[in-house]
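Undergrad: Listed below, chain by chain, are the residues.
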Amino acid sequence: MSKKKISLKKYEEHLAIIKEQLRNNYDVIYRSIDTEKGPITVIYITNICNKSFISDYIVKPLVTCENIPENIEKIKNDLIFADDIGFVNDVDHALQLILSGNAVVLFGFIDKMIYCEAEEYTSRNIEEPPTEIVIKGPREGFNEKLSDNISLIRRRIHNPKLKFEKLLIGEQSDTAVVLMYIEDQAPAKVVEFVRNRIQKAKIKFLLESKTLDEALQTKRTIFDTIGYTEKPDKVVAKLTEGRVAILQENTPFAVTAPHFFVEYFSVGEDYYLNGYGQSYFRTVRWVAFFVSLLLPGLYMALIAYHFKLIPYIFAFRMAITRSGVPFPAVVEIMIMMFFFQVLREAGIRLPQPIGSALSIVGALILGDAAIGAGLASEITLLIIALSSISLFLIPKMYAAILLWSNILLLLSALLGLPGFYVGFILFWSHVADLTTCGYPYLYPMGTFKTFNFQDLILRDDLDDISKNIFYKDEK
Amino acid sequence: MKVKMIAILLLCSIFLTGCFSYIDINRVIFVTALIIDVDEEGAPIFIAEAFHSFRSNETNTERGNKVFYKSKGETVFDAVRQLNAYSSYKLNYTQNRAIIFTERAARHGLKEFLDFLHRDQELLIRTFILIYIGNDPEELMETNLKENEYLGLYLYETQENPVLAGQRAIERFNQYLNNRLKGRRVDILTTFTHDKIMGEDKINIAGAAVMQEDKLVSILSNDEVRIYHLLMDTLHTGLLIVPHPAYPDKKVVLEVLKGNTKTSIKMEENTIILKKSIDIRTTFAETQESIVLDQGTIEKLQQEADFKIENEAKELFNLYKEKGIDLFDVQDIFETKYPQVTIPNVMEVTDLEIDVNVKIEGSTDILNFR
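Read top to bottom, the protein sequences are chains A and B. Numbering of the first sequence is given in UniProt numbering, commencing with residue 1 and proceeding in unit increments. Numbering of the second sequence is given in UniProt numbering, commencing with residue 1 and proceeding in unit increments.
Calculated directly from the structure, the hints in this document are not laboratory data. Glycine included, every Cβ here is placed at the ideal spot set by N, Cα and C. One or more hints might be untrue.
Straight-line C-alpha distance at most 25 Å; calculated SDA-like pairs for lysine to any residue [what the hints assert, rightly or not]:
| hint | chain 1 | residue 1 | chain 2 | residue 2 |
| --- | --- | --- | --- | --- |
| 1 | B | Lys323 | B | Ile343 |
| 2 | A | Lys308 | B | Gly64 |
| 3 | B | Lys182 | B | Arg172 |
| 4 | B | Lys66 | A | Glu378 |
| 5 | B | Lys4 | A | Leu426 |
| 6 | B | Lys90 | A | Pro326 |
| 7 | B | Lys2 | A | Pro418 |
| 8 | B | Lys321 | B | Ile354 |
| 9 | A | Lys10 | A | His93 |
| 10 | B | Lys251 | B | Glu312 |
| 11 | B | Lys215 | B | Leu177 |
| 12 | B | Lys4 | A | Leu410 |
| 13 | A | Lys308 | B | Gln175 |
| 14 | A | Lys145 | A | Lys161 |
| 15 | A | Lys10 | A | Asp111 |
| 16 | B | Lys4 | A | Met397 |
| 17 | B | Lys2 | A | Gly446 |
| 18 | A | Lys308 | B | Asn178 |
| 19 | A | Lys51 | A | Thr64 |
| 20 | B | Lys90 | A | Val331 |
| 21 | B | Lys90 | A | Gly374 |
Output of the computed footprint for chain A on chain B, the stretches with three or more beta carbons under 8 Å from beta carbons of chain A [as the list claims (entries may be wrong)]:
| hint | segment |
| --- | --- |
| 22 | 45–56 |
| 23 | 59–71 |
| 24 | 93–106 |
Just a sample of chain B residues kept apart from chain A, beta carbon distances all over 12 Å, derived [claimed, not checked]:
| hint | residue |
| --- | --- |
| 25 | Glu147 |
| 26 | Leu177 |
| 27 | Thr237 |
| 28 | Pro243 |
| 29 | Leu257 |
| 30 | Thr261 |
| 31 | Thr297 |
| 32 | Ala313 |
| 33 | Asp332 |
| 34 | Ile354 |
| 35 | Glu361 |
Using the sequences plus the hints, can you model the full thing?
TA: Next up, the structure:
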């Protein structure tokens with residue numbers, strides 16, 4: 001059999017396999033071109049490719065060329081005008097390229113295939129992320145397009161040591177994931193840990209960054225031991241501190257690792273506004289954390305067991321306000337907590353204008369009605385409202401605090417203050433037991449090692465904190 | 001996780017008193033004052049003033065009420081249990097602010113009542129202990145005080161008022177439990193009376209009851225309490241009224257800023273000398289006639305004050321020496337210094353030596369008055 005016939009047979013085989021694999025897909029285009037040398041087929045998916053680009057720079061040269069060379073190198077270098085062009089290894093590779101927004105060209109007279117990058121997705125604009133709004137500071141947020149997101153990072157750090165490693169994750173989705181770090185700044189063991197974990201994770205379809213997040217977690221917990229953000233400035237800040245970030249196609253959330261407990265209390269403005277003011281606000285966030293975590297349990301213990309610890313004026317007032325409530329205090333608190341959770345869920349799920357209106361209605365009318373109906377007392381309402389509002393100061397820890405405040409509440413209802421203390425100790429022992437990328441989750445708290453973390457409760461000078469956060473010997 | 005679960009179960013077992021003690025704050029009656037009296041046979045009579053919260057179905061509002069309870073029993077605990085026979089909810093003593101003994105009970109002796117008051121966890125030991133000088137405790141409970149509806153809370157507030165602290169024998173229950181065991185077991189407790197001024201019920205807290213072996217043996221007047229505090233180094237505020245240096249029938253008032261008394265004791269053959277060195281910082285507070293506060297006048301005023309305090313202190317000391325009551329803890333001071341020497345009643349052979357040094361540091365506002 002002549003070389004030409006072999007090439008034609010391979011062409012037909014490859015085309016048949018591709019057609020079989022991509023059957024029942026209306027948007028897959030097979031553009032056939034008959035030349036005197038033999039058939040050529042350009043395959044692409046119209047919804048994720050730039051049609052005019054393919055038409056102008058791939059199809060047109062092939063159609064108009066009077067004497068198509070039989071040398072694949074010549075076709076690649078001289079005939080096709082696309083910038084990003086390469087050889088296809090086999091049919092599986094061809095399928096992957098087609099599904100990723102490339103145009104694959106099959107030749108009936110050459111036994112090689114080539115691809116040209118022609119992807120064009122519709123993507124969201126670069127907007128301010130609704131979950132991380134800042135008063136002062138960059139307002140850009142990631143969108144769902146990986147290349148856009150990488151450009152937002154690249155624009156901020158012009159350093160050859162900033163590395164972007166591309167990985168394809170998902171046995172069946174082959175989703176592009178980019179691992180980012182600054183060489184020599186990020187500890188090698190952290191980079192290695194993240195890379196290994198992601199590559200070894202048994203993921204079939206990688207849809208959202210939470211899947212990567214869970215792959216990086218070392219222990220099942222309600223706390224986020226891996227961070228996430230929608231803001232490029234935050235990602236860059238974390239990279240400069242020596243952390244690793246991961247961007248993924250189709251999600252605006254970047255994953256950052258390691259992520260420490262204290263990071264819950266930092267917001268973008270801490271670094272964009274006056275340090276003294278922000279140190280105060282961060283202290284408020286810490287206080288709010290303790291209020292939301294401890295207040296319901298402490299209140300429960302005091303009003304059911306330890307009256308002697310309540311000043312008499314307050315004790316009498318509590319007794320009066322509760323005298324119209326038929327339930328035990330623990331049931332009353334649970335009812336009110338449930339009300340607040342219902343309101344919160346409704347506020348989140350509804351469109352924003354209706355959601356905010358509902359919150360006001362809930363806070364003003366429902367609370368008042370609950371007191372009037374004898375479901376709760378004013379003081380309980382105040383305690384639960386204060387505790388719930390305090391939760392909103394640390395939104396990323398919402399679920400964790402809610403769960404633990406309920407545990408403390410139940411232990412306090414069962415055992416009084418001893419139960420409260422047991423719950424408090426359990427909480428901290430659980431948090432202290434967690435690790436993130438091999439580092440203690442509570443770092444830099446609870447360690448005697450020398451560390452450079454100048455950013456715990458009070459914000460130090462920006463010059464001092466924008467350095468490596470890890471142990472000095474790991475820098 | 002298993003370890004944590006085991007730890008929780010163990011801790012639950014240890015603190016298992018918890019859920020048995022669960023009681024909602026509105027399902028108790030808070031006692032605010034407790035009066036302890038005795039009948040002719042010496043059996044304890046308990047009268048409790050309490051706060052009760054409830055929802056009125058008439059007015060459809062939540063309210064708090066003052067309620068009284070009275071009971072009698074063979075012992076204190078018995079009487080306390082009997083109180084509950086008249087109440088809808090359990091009486092709770094965690095907000096009790098005053099333990100009041102009637103004069104009759106104090107003369108009978110507090111000893112048989114103290115164990116329960118100390119032993120029961122619910123009764124606070126930081127509450128104030130007072131002696132009511134009067135005959136009718138029920139009338140006292142019905143006192144209609146305009147400053148506070150509750151007698152117990154009113155008494156608590158007055159005890160925390162620092163202005164007249166120098167004239168009172170403020171003592172919390174836990175302090176009394178300690179002091180009653182020291183030396184010859186003498187201590188003083190606040191006394192008060194129920195008066196009517198311009199038609200209004202008033203509580204007059206003044207003077208102190210001298211308790212020996214938990215029995216009321218004598219009563220100190222306001223001035224005597226002031227001197228007592230000076231000698232015992234517990235005077236923090238007060239007034240010294242001395243004669244005017246130029247007009248003997250007129251008075252000058254010095255306000256005490258700080259008092260400091262050092263005590264020492266020494267044995268000399270058959271006598272024991274109790275030495276008190278009293279330094280008092282005062283400020284010139286009032287004069288009834290014009291005065292020029294030059295150095296000479298100030299020195300004269302200081303001498304007058306020294307002389308007055310010395311006389312009053314010696315008078316009070318000798319009075320109680322004659323009574324055989326160790327009001328100034330001489331026995332305790334002596335035994336601390338001479339643990340090897342045994343003298344059954346040190347007070348009998350003790351003389352007071354006193355060195356007073358009053359210093360006038362200035363004036364409250366203006367320097368002279370014409």
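Undergrad: For the pair supplied as a hint, Lys90 (chain B) and Pro326 (chain A), is the alpha-carbon distance within the 25 Å limit?
TA: 17 Å, holds
Undergrad: Below or equal to 25 Å on CA atoms is what counts here, so check Lys10 (chain A) against His93 (chain A).
TA: 15 Å, holds
Undergrad: Just to be careful, I want the Cα atoms of Lys182 (chain B) and Arg172 (chain B) compared with a cutoff of 25 Å; is the pair within it?
TA: Given that 25 Å is the threshold and the Cα spacing comes to 16 Å, the pair holds.
Undergrad: Counting residues of the segment 59–71 of chain B whose CB is closer than 8 Å to a CB in chain A, do you get three or more?
TA: This one holds; 3 residues, not fewer than the three required, reach chain A with a Cβ under 8 Å.
Undergrad: Does Ile343 (chain B) sit within 25 Å of Lys323 (chain B), going by the straight-line distance between their CA atoms?
TA: Given pair Lys323 (chain B), Ile343 (chain B) holds - Cα atoms ~18 Å apart, limit 25 Å.
Undergrad: Against the 25 Å threshold, does the CA-CA distance of Lys145 (chain A) and Lys161 (chain A) hold or violate the hint?
TA: Within the cut-off at roughly 24 Å; holds.
Undergrad: Given the hint that Lys90 (chain B) pairs with Val331 (chain A), does the C-alpha gap stay at or below 25 Å?
TA: Holds. Lys90 (chain B) to Val331 (chain A) sits at ~22 Å (cutoff 25 Å).
Undergrad: Does Glu312 (chain B) sit within 25 Å of Lys251 (chain B), going by the straight-line distance between their CA atoms?
TA: 17 Å, holds
Undergrad: Given the hint that Lys215 (chain B) pairs with Leu177 (chain B), does the C-alpha gap stay at or below 25 Å?
TA: Roughly 14 Å between the alpha carbons, so the hint for Lys215 (chain B) and Leu177 (chain B) holds.
Undergrad: Checking the smallest CB distance to chain A, is Ala313 (chain B) really beyond 12 Å?
TA: 39 Å, holds
Undergrad: Checking the smallest CB distance to chain A, is Thr237 (chain B) really beyond 12 Å?
TA: Fine: 25 Å to the nearest Cβ keeps Thr237 (chain B) off the interface.
Undergrad: Does Thr261 (chain B) clear chain A by more than 12 Å, comparing its Cβ with all Cβ atoms of that chain?
TA: Holds, because the least Cβ-Cβ distance between Thr261 (chain B) and chain A comes to about 35 Å, which exceeds 12 Å.
In summary, this structure violates none of the numbered hints.
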